[in-house]
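Join these two chains into a complex; the hints should help.
Chains G and U, in that order, give the protein sequences.
Following the numbering used here, the numbering of the first sequence begins with 1 at its first residue and continues without gaps.
Following the numbering used here, the numbering of the second sequence begins with 1 at its first residue and continues without gaps.
Source of the hints: derived by calculation from the structure; they are not laboratory data.
Just to be clear, a hint being listed does not mean it is correct.
Subject to a maximum C-alpha distance of 25 Å in a straight line, what follows is the list of computed DMTMM-like cross-link-like pairs (lysine to aspartate or glutamate) [unchecked claim]:
id : chain 1 : residue 1 : chain 2 : residue 2
1  : U       : 164       : G       : 174
2  : G       : 146       : G       : 174
3  : U       : 164       : G       : 13
4  : U       : 164       : U       : 145
5  : U       : 176       : G       : 15
Some chain G residues well away from chain U (every beta-carbon gap over 12 Å; in silico) [to be verified]:
id : residue
6  : 17
7  : 85
8  : 90
9  : 127
10 : 156
11 : 159
12 : 196
13 : 201
Which residues of chain G face chain U? A partial, calculated answer using Cβ under 7 Å [unchecked claim]:
id : residue
14 : 4
15 : 36
16 : 40
17 : 48
18 : 187
Glycine included, every Cβ here is placed at the ideal spot set by N, Cα and C.
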Amino acid sequence: MNAIDPRMHQALDGELDWDAVPAELRRTVARLTAAAELLAAPPPGLVPSVERRVMAEIRRPAPSRARLLMRWFVTPRAIIFRVRPAWSLAFAVVAAAVTLFTVGDQGPELAEHEGIAQFVGRFPEAQSVHVVGTFNDWRPGSIALKDQDHDGVWRATVVLPAGTYEYMFVVDGERWVPDHLAERLVADDFGRENSIVIVRPARR
Amino acid sequence: MDVRGSPPDAEVVALVLAGDTEAFGIVIRRYEAGLLRFATRMLGSRDAAADAVAESLVRAYRHLASCREPTRLRTWLYRIVTNRCKSHLVRRSVADVPLDDAPPVADPSDNEAALERADQLQLVERALADLSPDKREAFVLKHVEGLSYEEMAAVTGERIPTLKMRVHRAREALLKVLEDHT
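So that you can see chain U by itself, here it is in the shape it has in the complex (with noise of 0.2 Å):
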């Protein structure tokens, strides 16, 4: 189902309290696509993400009537899956995020600018790795998924002085080790 066209969020969640399960639908595939791709960010491994995100819809759907601004259903989905994610991090060490997602290896056929994004992306994502899970948090948020530093504040539940700090140490970090290998 395309779901451009379709009824804005606050509609959509009225159609689900009401009990129409299958407009839950709606939420996912409108939203699924960015959450998977801040969870696989955090958390170095698509399937971790894919299980944080799943688990994170559920509990959306399950607790939907506590969503007290449903205009702004998207801030409240990072909210969930943020803190999903940061469950995962604490249950296991930042050393050890796998990189399950780093690109494939190098197909004979590939040409040379595809095969130097792709060295690109798996330095860019080893940076990512070691930043702390607040920086990483705070550069995804605002860079890979273009959130506001208003909408973070409503994510992370942090101060946007301090989002601001966490993401411009986030970038001097990636900088650096940028630049260490030019």
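Same shape as in the complex, but just chain G (with noise of 0.2 Å):
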């Protein structure tokens, strides 16, 4: 086949006036349009609607209480710890003693299946960041970044059932953002981009 004229392109673009495409030309652009148009034309045969499926579904009650108390039970989820930093110095000297003096040079204790996500953002104005992501079923709130010393740089180091999360920073409780550092960016269905972090298990 010849090299595809440019002007075909611009034609069905709308950049060209149609008086300005050749007759030769013009063939082409009928045909590809009449292709169009047929795939445009309503299949033959019944196209079943799915209205009467989808409003079934919308109109199914909400699920009791007692089930998403279930639910809650059996869904996992991150452990968050929160303690004042004089507790938490103390708490520091007395693991790292316990390391030290009883474990050797292995690392802190997680299950089989957990690994250890950490959370850095820069967000120098922020009165608060927090993290959500599928780990917390994108509960604002949940898990806090903290920013100790007033840099602008906001911290988390979570515990997590090692797998492959979307998760995204709240700063001050309203503005959601991206991680641009992460492993990987997602596009998710409402037109956001989700960062993606994955939680490797620390034993294996």
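Following this line, the structure appears as structure tokens:
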């Protein structure tokens, strides 16, 4: 096939006046237009409507509280401990001593299928930063990042079941922003971009 | 119910968010024909398309509050269906795309023009199924659904030059098939 005349694309994209399209090219344009019209025409035979199916689904009553409670109990969740800095320092000293004298050079004790995720974001003007994602059902407020030295860099370290999670930062409780330093970004269904973190098991 | 003359999208969205579940029927009747046609062209199967559109509409209803621009509801719905179709295609090899909506076997009462049209449609559908999903999506959104490049960018999350390139490549591939069968 000969090279495609770029005026064909210009004509089909509405960037070229129809009068400026040579007769030979008009036939090519008309051919593609006719092909598109064939595809746009209703397909032969009945196309079943999905209305009844969709409406039946959305009319179904919401799950009962008992069912929601049961679901909450069986869904894996991150557990976050918050302590005052003084206590955390004391705890760190004790933990270091225990690690040095009892465990040797081994890392922190994690369950077989757990790993550590570290979330770091730079938000110099923020008053609060939280991380939400598939690991906490996108619930704002459950995992807070801290800016201990007030340098605008917020951090949180979380123990999570090993897996791949989508997440975003929620700044000052209202602004949802992806972590552009994440391993990967993925578009969600709602026009936003989610970050991806892969938590690998600490012990294999 | 006739949806012509019914309230604009933003008003319907507000009704649904205020608790009027039945108002979502207006959204379905207004957009399901286009969404089904798009999904059918993407997946090559009417059954798979109906599943994808139904799942997408239920998802849209449940996340309606996150539709930031209700005036652009149509674009938002296409985006959800597009993503659903992509997930479907990832699970299935493109080479396996069935053509179960191919024209029915010719009836003796069909006239010659109708038969030729059915042959032509089958040819175009096969050429479309041979395109990569990205090019097929771009061509169908542009030429079958009649979206502008700006709307396509909102639906796919891609840049306009990227979409133009995909549409151009798709046109060239389709044209080659049509010329080879002349």
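Please write out, lowest number first, the hints stated earlier that are contradicted by the structure. When the structure is compared with the hints, only number 1 turns out to be violated.
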